[in-house]
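Same order as they appear, the protein sequences are chains C and V. With this note's numbering applied, the first sequence corresponds to residues 5 to 306, in that order. With this note's numbering applied, the second sequence corresponds to residues 5 to 306, in that order.
Don't read these hints as lab results, they were simulated from the structure. Hints should not be assumed to be uniformly reliable.
Which copy is meant is left open, so a pair is good if it fits within one copy or across any two.
Straight-line distance between alpha carbons at most 27 Å, and here's what the computed DSSO-like set of lysine-lysine pairs gives [to be verified]:
id	residue 1	residue 2
1	Lys300	Lys251
2	Lys251	Lys305
3	Lys61	Lys80
4	Lys251	Lys167
5	Lys251	Lys61
6	Lys193	Lys300
7	Lys167	Lys142
8	Lys24	Lys300
Here is what each chain is made of, one letter per residue.
Protein chains: 2
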Amino acid sequence: MSLLVVGSVAFDAIETPHGKVDRTLGGAGSYFALAAAHFTPVRVVAVVGEDFTEKHKSVFRGRPIDLAGLEHAPGKTFFWSGRYGINMNERTTLATELNVFAGFNPSLPKAYLNSSAVFLGNIDPTLQRSVLRQIRPKPRVAGLDTMNYWIERTPAELRRTLKHVHILMINDEETRQLTGEHNLLRAAKHVFRMGPRALVIKRGEHGALMVTKEFVFSVPAYPLEVVRDPTGAGDSFAGGFMGYLAKAGRVNRQTLRSAMVYGSVLGSFAVEHFGVKRLATLTRREIESRARHFSKLTYFKL
Amino acid sequence: MSLLVVGSVAFDAIETPHGKVDRTLGGAGSYFALAAAHFTPVRVVAVVGEDFTEKHKSVFRGRPIDLAGLEHAPGKTFFWSGRYGINMNERTTLATELNVFAGFNPSLPKAYLNSSAVFLGNIDPTLQRSVLRQIRPKPRVAGLDTMNYWIERTPAELRRTLKHVHILMINDEETRQLTGEHNLLRAAKHVFRMGPRALVIKRGEHGALMVTKEFVFSVPAYPLEVVRDPTGAGDSFAGGFMGYLAKAGRVNRQTLRSAMVYGSVLGSFAVEHFGVKRLATLTRREIESRARHFSKLTYFKL
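Sequences and hints are given; from them, build the entire structure.
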């Protein structure tokens with residue numbers, strides 16, 4: 005399946021107990037594309053400003069990442085700045101400057117219109133729907149990420165978009181906020197009534213949980229002794245997940261389970277270094293080796 | 005292996021969003037014994053007061069639970085009262101009345117002295133050590149639970165006791181507090197230097213993680229739509245874990261992994277009803293069926 009992602013391409017300034025980087029390439033779209041491209045070609049829909057030069061694109065080069073949908077607009081590129089404490093599960097956002105993203109109204113290149121797998125990164129649900137609407141025929145699999153901001157501010161728009169989505173990929177807190185239900189199994193049933201057939205709950209250091217109408221599947225986080233920068237873990241998870249599914253070409257119990265594992269694998273590599281650094285040096289061999297390690301992490305015989 | 009547990013036998017008053025019970029049988033020793041007895045005979049070391057009558061013992065009857073080590077002392081039985089909100093991971097302790105437990109100085113019945121598997125429930129580490137010292141020859145496997153109270157107030161005593169323990173079974177927060185290390189893999193290395201060869205981290209709704217010098221193993225929590233009362237989940241986990249190990253008669257990679265699964269199974273049943281109610285009606289068939297379900301929860305093929 006041909007895979008398209010819409011999401012931010014940004015500059016990030018990040019501080020963690022392991023160091024600090026300034027204006028490094030970031031954004032959900034970047035992490036997603038770099039993760040997914042290890043499995044399948046990716047079409048990127050995003051906007052950057054005049055400060056985003058050819059040099060900044062270099063990390064995408066030599067990979068099956070199509071940037072025909074990367075719009076250049078007058079103004080500055082989306083900028084995010086955040087700080088993590090010793091508890092890497094909590095972060096403080098220091099700055100969010102939407103810049104060119106504020107006026108973004110994605111118009112897909114013609115070659116993107118037949119995308120059969122689509123991931124709607126965490127942006128305004130109205131924009132997410134506008135991207136989805138341009139794709140014909142309807143994608144075979146559409147995934148969506150969102151956050152508290154959209155759940156609170158644009159609940160009706162989010163609901164309208166969710167009707168057309170198959171897989172919702174959010175965290176525990178967002179699941180509870182979206183559904184008003186604390187218990188995650190019951191929350192999943194609420195989600196199913198909104199449209200999606202599968203709910204993937206990203207739980208950071210606790211791994212990820214998938215609930216569908218047919219089964220529940222749990223994958224742990226890969227145990228790491230050093231987590232340098234958690235930024236982009238969830239987006240890399242989504243990239244590994246959707247990239248694997250698109251490559252597999254089928255969505256069924258088995259491919260969904262493997263997608264959860266590959267999502268976790270890509271998320272675990274992403275946090276080993278700052279920004280997209282680790283995703284950029286990663287090899288297919290390292291990915292497969294870590295995926296096999298996940299079997300050992302959970303394998304038992306009664 | 006013959007299994008001994010030392011831990012509280014108590015009266016609990018519990019309030020959760022699903023209801024309320026007053027003065028029901030509780031305490032780590034009770035949950036542990038009822039869980040472990042599904043696998044193997046259990047010897048109980050604890051103290052109760054004059055208000056603890058034959059009627060209260062009835063739930064232990066007809067099971068392989070030896071109460072020769074249940075001391076009756078003048079005064080009242082240990083009493084705990086707590087309330088859970090909608091987030092079942094957090095609880096408010098309303099009352100803790102040690103009563104007869106305050107002057108407890110366990111002296112083991114002669115028939116208990118050869119116990120080859122021992123679990124030291126969450127009590128004063130000095131008492132834990134005194135129980136361990138009475139057992140000859142040294143037990144083949146000794147597990148220990150503790151909590152923030154002892155980590156803060158009696159750190160030296162706890163360290164002295166840990167030297168003689170093989171498996172430490174605590175939660176994330178306690179692990180971090182005990183070792184001063186946020187990362188759980190690095191924290192486990194600290195724990196290994198204190199004596200134990202295995203660290204089992206109980207994570208409530210996120211399952212449990214085992215770290216040994218040789219391997220890491222993760223088991224999810226069983227997904228339940230209704231959690232009525234989380235009290236005793238960790239103690240039931242410990243009971244299932246140690247009960248299975250004692251029955252298996254060997255401590256190795258495979259039995260440790262299965263013990264993690266059976267621990268999770270017993271913990272998941274315990275929370276389905278108030279107090280020890282569900283553990284008391286549980287059958288071996290239900291246990292095996294849920295254990296098999298755990299395979300489905302985590303099984304994947306790349």
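| message | Of all the hints numbered above, which does this structure not satisfy? Sort the numbers upward. | response | 8
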